[in-house]
Every structure is written in structure tokens, then in C-alpha cells.
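So the sequence lines, in the order shown, correspond to chains A and B. Remember, this note's numbering sits 77 above the position in the first sequence when you count from 1. Remember, this note's numbering sits 102 above the position in the second sequence when you count from 1.
A few of these clues could be false.
[As the list claims (entries may be wrong)] Restricting the straight-line Cα-Cα distance to at most 20 Å, the calculated cross-link-like pairs of lysine to any residue (SDA-like) are: (1) A:Lys186 / B:Glu200; (2) B:Lys239 / B:Tyr203; (3) A:Lys186 / B:Thr119; (4) B:Lys127 / A:Glu182; (5) B:Lys127 / A:Gln174; (6) A:Lys186 / B:Thr134; (7) B:Lys107 / A:Asp177; (8) A:Lys184 / B:Lys239; (9) B:Lys239 / A:Glu182; (10) A:Lys186 / B:Arg141; (11) B:Lys239 / A:Ala92; (12) A:Lys184 / B:Glu137; (13) B:Lys127 / B:Ala188; (14) A:Lys184 / B:Glu190; (15) B:Lys107 / A:Glu182; (16) B:Lys107 / B:Thr119.
[Unchecked claim] Calculated from the model, a selection of chain B residues having no Cβ within reach of chain A, i.e. all distances over 10 Å: (17) Thr225; (18) Gln229; (19) Asp235.
If you are wondering where the hints come from, they were derived from the structure by calculation, not from laboratory data. In this text, a Cβ means the ideal position worked out from N, Cα and C, and glycines have one as well.
If you want the building blocks of each chain, they are given just below.
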Amino acid sequence: MVMHASLDATFAALADPTRRSILTRLASGEASVAELARPFAMSQPAISKHLKVLERAGLIRRGRDAQRRPRRLEPKRLAEATEWLERYRRLWEGNYQRLDALLEELKTKERKWDS
Amino acid sequence: MGQLKVTMPSDREIAMTRVFDAPRKLVFDAHTKPELVRRWLLGPPGWSMPVCEMDLRVGGKYRWVWRSDSDGSTMGIGGVYREIVAPERIVSTERFDEAWYPGEGLNTLVLVEEGGRTTLTQTMRYQSTEARDAVLKSGMEKGVAASYDRLAELLASPSEATR
Numbered sequence: 078m079v080m081h082a083s084l085d086a087t088f089a090a091l092a093d094p095t096r097r098s099i100l101t102r103l104a105s106g107e108a109s110v111a112e113l114a115r116p117f118a119m120s121q122p123a124i125s126k127h128l129k130v131l132e133r134a135g136l137i138r139r140g141r142d143a144q145r146r147p148r149r150l151e152p153k154r155l156a157e158a159t160e161w162l163e164r165y166r167r168l169w170e171g172n173y174q175r176l177d178a179l180l181e182e183l184k185t186k187e188r189k190w191d192s
Numbered sequence: 103m104g105q106l107k108v109t110m111p112s113d114r115e116i117a118m119t120r121v122f123d124a125p126r127k128l129v130f131d132a133h134t135k136p137e138l139v140r141r142w143l144l145g146p147p148g149w150s151m152p153v154c155e156m157d158l159r160v161g162g163k164y165r166w167v168w169r170s171d172s173d174g175s176t177m178g179i180g181g182v183y184r185e186i187v188a189p190e191r192i193v194s195t196e197r198f199d200e201a202w203y204p205g206e207g208l209n210t211l212v213l214v215e216e217g218g219r220t221t222l223t224q225t226m227r228y229q230s231t232e233a234r235d236a237v238l239k240s241g242m243e244k245g246v247a248a249s250y251d252r253l254a255e256l257l258a259s260p261s262e263a264t265r
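For reference, chain A alone in the conformation it holds in the complex (with noise of 0.2 Å):
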């Protein structure tokens, strides 16, 4: 149960378009506050606060250096998220697969008509 709603949080988090970029800016790399507010026409608190979020979700952390209290991406618990999701796409592309068969089928029938 605690675990799903983490999980729950994290999908909130990843709801956000600007949240997912900041995911992917930190999939290359760590970077500090002001570097990541750079790309975003926003204000540093207004990034904290997004920050703050993708933290309490478990995204990611804050590095060693003090100083520039760099963020880095919590990878564990994005690839728990993502194959959650991973898992639903499967499950459906299972049905779509034998939808391929079908409409196959279904082409073939009305080529024979149509002949």
C-alpha cells in the first residue's frame, strides 16, 4: 500500500510538462538550480517549487557539493514509474497485436468481394 501511493505521488509529479523536462535535463547530468531554470522562462522559486515536488517523489535528490546544492535524477524510482506504465502498454499491445491479425483478415475478405 505505502508503495503504491509513492507511486501515486511520482505520476502526479510526472503529470508536468515542466517537470518532465526538468527530468530529462537531469537524465544527462546533474545540475544546479540556476542551471536548470535557464532553459524555462521562470523564476528560480518558481523552479524550486517544481523541485520540491520532483523531490518529495522520490525523482531525485540533491548532490554532495553544498555550495551549488546541485539536483540529480533518482533513476530507481523513474524506472519503477516507467515500468508500471511499461506493463499497461503490454497488456494493450497484446490486444492490438491480434487486432493487426483481424484486420488482415478482414482486408482479405473484401479484396475476395470486391474480385
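Put chain B on the given structure of chain A with help from the hints.
Leaving out everything else, chain B in the frame of chain A:
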């Protein structure tokens, strides 16, 4: 044909997009004729669809029930058609029999044809983030159970596993 993309466009939605190599009339038929629907909309391996009733008109109801071949457990879902524009758009409500989340879902199916191919977009909107995540998890848990079933089958028949 194409890769299925699953995204979460908002905190209450799940959206799926996929391309099919067929005109949308056929994709629409496959979503609206019960004898066709029950051939593909089966979920994890080892599940069949003994009940597939669809009264395809605005205000008409649909009801689907799946059954696990291995343990006989069932899962049912039903709803009402809100909007039907053949062969391009269907809006319907969605509610699981054993609803473990509040409210009902609203499904919007959109089919766009281009050059004989059809892009399907299915958006499911729930009344809360919790409801959406509950649905997402149900897929996961059932999917996982199914893959464990298959693993158990493989372990029970060593010749199969080593082939």
C-alpha cells in the same frame, strides 16, 4: 504495425496511440461488431471474452465480461454510448463491475485515416488521479499474474522450457 504509445496527458487521463495498416472503416467495425471485438479485446494471455454485448446507439449500453481459463475468475465492465460518429469517433462511459475506485471513466476513441492507414487514439478520462492510477494498476496486476501463470506452465513441462 507501429508501436503503441501510452501517455498521461493530464493527471486524470491515460491516452493510447497506435497505427493500423487498414482503412478506418475496418478498424471501426473491429471496435463495434461483437463477433469481431471478442476476437482481439482479450487482455492477458489465457483470458477469453464470453460476454460481449453492444447496443451501438447513443444511450445504448455495452457489457463485456472476461474469464480466466486457468482459474475461472471473471472481470466485467460496462457503460453507455454517449456519442457515435461512424467510422471516426465513439465516446462511451466505463465502469468495472467490482469498482474499486470512485466514479466512472469516459473513453474517447478517435480514428484518423491517411493513405489507407488508420491512427487510433483512445483517451480514458477518470474522475480523479487515484481512479486513473487504480485502472493502470489493475492492468499491471492482471498482466503480472498472467505472466506468472505462463512461467508456472513452462516450469511444469521441462521439455517445453528447454526446447
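Against the structure, the hints:
no. : hint                : in the structure
1   : A:Lys186 / B:Glu200 : violated, 39 Å
2   : B:Lys239 / B:Tyr203 : holds, 11 Å
3   : A:Lys186 / B:Thr119 : violated, 26 Å
4   : B:Lys127 / A:Glu182 : holds, 14 Å
5   : B:Lys127 / A:Gln174 : holds, 18 Å
6   : A:Lys186 / B:Thr134 : holds, 18 Å
7   : B:Lys107 / A:Asp177 : holds, 16 Å
8   : A:Lys184 / B:Lys239 : violated, 35 Å
9   : B:Lys239 / A:Glu182 : violated, 33 Å
10  : A:Lys186 / B:Arg141 : holds, 16 Å
11  : B:Lys239 / A:Ala92  : holds, 17 Å
12  : A:Lys184 / B:Glu137 : holds, 16 Å
13  : B:Lys127 / B:Ala188 : holds, 8 Å
14  : A:Lys184 / B:Glu190 : holds, 18 Å
15  : B:Lys107 / A:Glu182 : violated, 24 Å
16  : B:Lys107 / B:Thr119 : holds, 5 Å
17  : Thr225              : holds, 13 Å
18  : Gln229              : holds, 15 Å
19  : Asp235              : violated, 5 Å
Consistency with the previously given hints fails for numbers 1, 3, 8, 9, 15 and 19, ordered from lowest to highest.
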